[in-house]
Amino acid sequence: MKGRECAGTYLGIRPVALSMLQFRCNAQIGTGLRPRPGSPAMNTPHGPVARSHLLSKSRVQRSVMKKLSLLLCVLLGSVLPGWTQQPGSGSVPAPTACCDAIEQHMKAMEDRIILLEGQVRLLKQQLAQAQSAPSSLPPSQAQATGAAPTGETTATAAAAGVSGGQAVVTGEAGAQLPNYGGGGAAAAKALNPDISAIGDFIGAAGHYPTPPGSLIRQAGFKSLNMYESEVGIQAIIDPYARGDFFIDFGESGVDLEEGYITFTALPGGFVARVGKMLEAFGKVNTMHNHVLPWVDRPLVSENLTGGDDGLDDTGVSIQRILPAPKGIFLEAIGQVFRGDTGEQTFFLANGATTQQTVFTATNKSDVSTTEHLRAYRDITESTNLDLGLSYARGHNELGSGFLTQLYGMDATLRWKPLRRSIYHSFIGRTEAIWSQRQQPRVLPFPLSTISAPGEQRSFGMYASGDYQFARRWFLGGRYDYSQRARDDRQLDRGAAATLTYWPSEFSQIRGEYRFTRYAEGINANELLMQVQFSLGAHGAHPF
Amino acid sequence: MEHFQVRLRGPLALAVLIFAAAAFPDRCAAKKLNVVTSTTDMAALAEEVGGDKINVEALARGYQDPHFVEAKPSFLLKLKNADLLISVGLQLEIGWLPPLITQSGNPRIQVSAPGYLDASQFAEILDIPSGQITRAMGDVHPLGNPHYWLDPDNGRRIARGIAQKLGEMDTADSQYFQQRFQDFDKRLTAAEKTWDAQMAPYRGRKLVTYHTSWSNFAKHFGLRIMGFIEPRPGIPPTPAHTLEIIQLMKREDIKVVVVEPYFDLKTPNSIGSATGAKVIVLLPSVGGEKEVTDYFKLFDYDINLLIQAFRATQ
Chain A
1 MKGRECAGTY
11 LGIRPVALSM
21 LQFRCNAQIG
31 TGLRPRPGSP
41 AMNTPHGPVA
51 RSHLLSKSRV
61 QRSVMKKLSL
71 LLCVLLGSVL
81 PGWTQQPGSG
91 SVPAPTACCD
101 AIEQHMKAME
111 DRIILLEGQV
121 RLLKQQLAQA
131 QSAPSSLPPS
141 QAQATGAAPT
151 GETTATAAAA
161 GVSGGQAVVT
171 GEAGAQLPNY
181 GGGGAAAAKA
191 LNPDISAIGD
201 FIGAAGHYPT
211 PPGSLIRQAG
221 FKSLNMYESE
231 VGIQAIIDPY
241 ARGDFFIDFG
251 ESGVDLEEGY
261 ITFTALPGGF
271 VARVGKMLEA
281 FGKVNTMHNH
291 VLPWVDRPLV
301 SENLTGGDDG
311 LDDTGVSIQR
321 ILPAPKGIFL
331 EAIGQVFRGD
341 TGEQTFFLAN
351 GATTQQTVFT
361 ATNKSDVSTT
371 EHLRAYRDIT
381 ESTNLDLGLS
391 YARGHNELGS
401 GFLTQLYGMD
411 ATLRWKPLRR
421 SIYHSFIGRT
431 EAIWSQRQQP
441 RVLPFPLSTI
451 SAPGEQRSFG
461 MYASGDYQFA
471 RRWFLGGRYD
481 YSQRARDDRQ
491 LDRGAAATLT
501 YWPSEFSQIR
511 GEYRFTRYAE
521 GINANELLMQ
531 VQFSLGAHGA
541 HPF
Chain B
1001 MEHFQVRLRG
1011 PLALAVLIFA
1021 AAAFPDRCAA
1031 KKLNVVTSTT
1041 DMAALAEEVG
1051 GDKINVEALA
1061 RGYQDPHFVE
1071 AKPSFLLKLK
1081 NADLLISVGL
1091 QLEIGWLPPL
1101 ITQSGNPRIQ
1111 VSAPGYLDAS
1121 QFAEILDIPS
1131 GQITRAMGDV
1141 HPLGNPHYWL
1151 DPDNGRRIAR
1161 GIAQKLGEMD
1171 TADSQYFQQR
1181 FQDFDKRLTA
1191 AEKTWDAQMA
1201 PYRGRKLVTY
1211 HTSWSNFAKH
1221 FGLRIMGFIE
1231 PRPGIPPTPA
1241 HTLEIIQLMK
1251 REDIKVVVVE
1261 PYFDLKTPNS
1271 IGSATGAKVI
1281 VLLPSVGGEK
1291 EVTDYFKLFD
1301 YDINLLIQAF
1311 RATQ
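Read top to bottom, the protein sequences are chains A and B.
Just so you know, we're using this note's numbering here: the first sequence kicks off at 1 and counts up by one.
Just so you know, we're using this note's numbering here: the second sequence kicks off at 1001 and counts up by one.
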């Protein structure tokens, strides 16, 4: 092989002496490096993919071999001074040479070893990915280029096409590598997505009678609930996208909470998502249960936006950061969904229950849309303000002729002194939602117990504050006020206080006392206890 | 309300809004490379080699715990226009950087793109755990100790890597970056000689530190870290463990306790008063104090404080 000869002669070492070692190095390390700029191979008349493919095989191996061989040469040099001669620097320092030279030499060696260690670390990842990736798939995965070892990368860094081409090279070269003992299992693991599970246990005490016409709040907490187990499966799919799945296991059923692909490399600064996702309506609706600052959700979520599961539908989302005056972050999100979401169970007067939704698509054309505009600004380095406007529109379960429109405003004020960021913080939130729901002038009997005739214009809001007073302790309060979407004459009000303790970042114990005065004149006092725990690598949630 | 409804009717209005926004280029065609780094140390090193041919900005502040940075949207404004993102890697930023990268809408800095540089590949990494890792060990970093920049030799290696990367992204100035690196290398070697000489009398001294931030620093300067105030990485001190540390310090005659600027001083101070040890706040990062503005001053500051503490507890 040309590469091997080249490295051998370059070092002035007998090829025989090194061939065994070189073969190993070649096999282990000869992947994933990029060609040097200006190399003649760059001009071969192949497509970009094929070209870089050809390149890396020889170049890559040669360059890494050069490094390893140099290292070996130095090592051998100290044992067998006669066999080698130093490239570049002339001769090997004799034992009598001055200490400085030796020291310098040692340092250079150490640097090279460390650089090689770093490359080996990255190449191991690549190797793992390449081995477990079927060769037909675009194999460049997550950390593939963190990998780009600096020594030998191309100059034209910007072009995405180039990186794609190199990715293919990495994969194929990797696929040809022998599988060294034990590496296979680790390799297969490395390509696994990040898998996590979050358990959410809720205990409830206190009760209130459920009168006809009211919805069962929070689908009714029983005394002890393994309320939700959320499994997250997340990975980078290819250089252009990542995928996220969040699957909710209740005690008896499974539900796809979210499952979507995010295209991260679109031109023009756009980010797009396709799949099932929480709709970008306000703040609380986008939060998974385990990141809520409370055990339950505010009354306004219950009454106007579909309760516990919230607005969560299948569709397409596109977002972009908009130009704004300096220091202001402005982002717009536009989403189109099938129009089926916000399912809740209601009690009817005759004792039966009924499933009702926020949006229902009776026809294929009954799609719903959600738009969100967000403005954010750092006030100081420790304080910031986040404002949002939301709008959602869809058809309700009464048929294609009946629209439901939702308008929302949200504001979040955060304070976190950076020097003591792990000890103290405050978050104040408020959200106001208006619902405009068309209903027929005449409603059949059981349904008429939960709905009023004609268009209902309901308003609801919450305001809350959470203060972290020690590294592991949080105290919070919330005020609730909300009319009901199906009958705007009915108004529920409530308040809640929470105390949260974090044994570590991965578990959380929370107590909540809540008082609710329902429209029917019923007062409810409840005590909720929650234990949450997290296993595995759960990706960070959006701010 | 009606007005609002009309203005934001359907996705069409938004699509128009977005495309209108896209039509106005919000990124001026500056010739300088925009470099964004996760921490101030990487920014300081990038600045050393990049000089006035690049714009550098760090996301986290030097006095902030780099494990727990909030992924603020204002960071997205910086990432959106970045040509190169330099991260510390080894999962230091796992809690906040990945979602920022995803949301930035910037294909150049995605993890698999050429504009993403994980600086850990250049450095000597210590404390790589062997065997099974579980969270019972606390917030352990499975890829090794991410506080590797606190060894000036690693600083040199990282700077060399960054210079190389910058040269690849901006070929016209690659000579310039190399030259800047050579110059940095010279100054760093000279400074290292001074630091080594200053610390020479204290080689082999024993320390207790709050978090495991100081492995590379201790290795370079021949210090021995005997224990941590955190019972496990990322787990706040417990009374039982604090007692153990006090006993350990008495037994081993450890006289210096090192704390990072973002940790509470209550437990370290009580340990200090129980053992007669000196508690000092050393900076793990550039910008931890106002006067620590570059990589050299970081070591000047820390070494100066350490030497004072060693002298005071002779």
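One or more of the hints may lead you astray.
If you only want the chain A side, here are some residues facing chain B, beta carbon under 7 Å, derived [as the list claims (entries may be wrong)]:
| no. | residue |
| --- | --- |
| 1 | I114 |
| 2 | G118 |
| 3 | L122 |
| 4 | K124 |
| 5 | P239 |
| 6 | A241 |
| 7 | F263 |
| 8 | T264 |
| 9 | A265 |
| 10 | V271 |
| 11 | V274 |
| 12 | Y376 |
| 13 | L418 |
| 14 | R471 |
| 15 | E520 |
Away from chain B, derived, C-beta distances all over 12 Å, residues of chain A [stated by the list, open to error]:
| no. | residue |
| --- | --- |
| 16 | Q119 |
| 17 | Q234 |
| 18 | L256 |
| 19 | P267 |
| 20 | G268 |
| 21 | A272 |
| 22 | S400 |
| 23 | F402 |
| 24 | K416 |
| 25 | A452 |
| 26 | P453 |
| 27 | F474 |
| 28 | A524 |
Distance condition first, Cα-Cα at most 27 Å in a straight line; then the derived DSS-like pairs of lysine-lysine [what the hints assert, rightly or not]:
| no. | chain 1 | residue 1 | chain 2 | residue 2 |
| --- | --- | --- | --- | --- |
| 29 | A | K276 | B | K1072 |
| 30 | A | K283 | B | K1031 |
| 31 | A | K326 | B | K1250 |
| 32 | B | K1186 | A | K326 |
For the record, the hints were derived by calculation from the structure and aren't laboratory data.
In this text the structure is predicted, and so the values were computed from the model without any measurement.
Glycine included, each C-beta is placed from N, C-alpha and C at the ideal position.
> What are the numbers of the hints the structure violates, in ascending order?
Replying inline: Going through the list in order, the structure violates hints 4, 6, 7, 11, 15, 16, 17, 19, 20, 21, 24, 30, 31 and 32 and respects the others.
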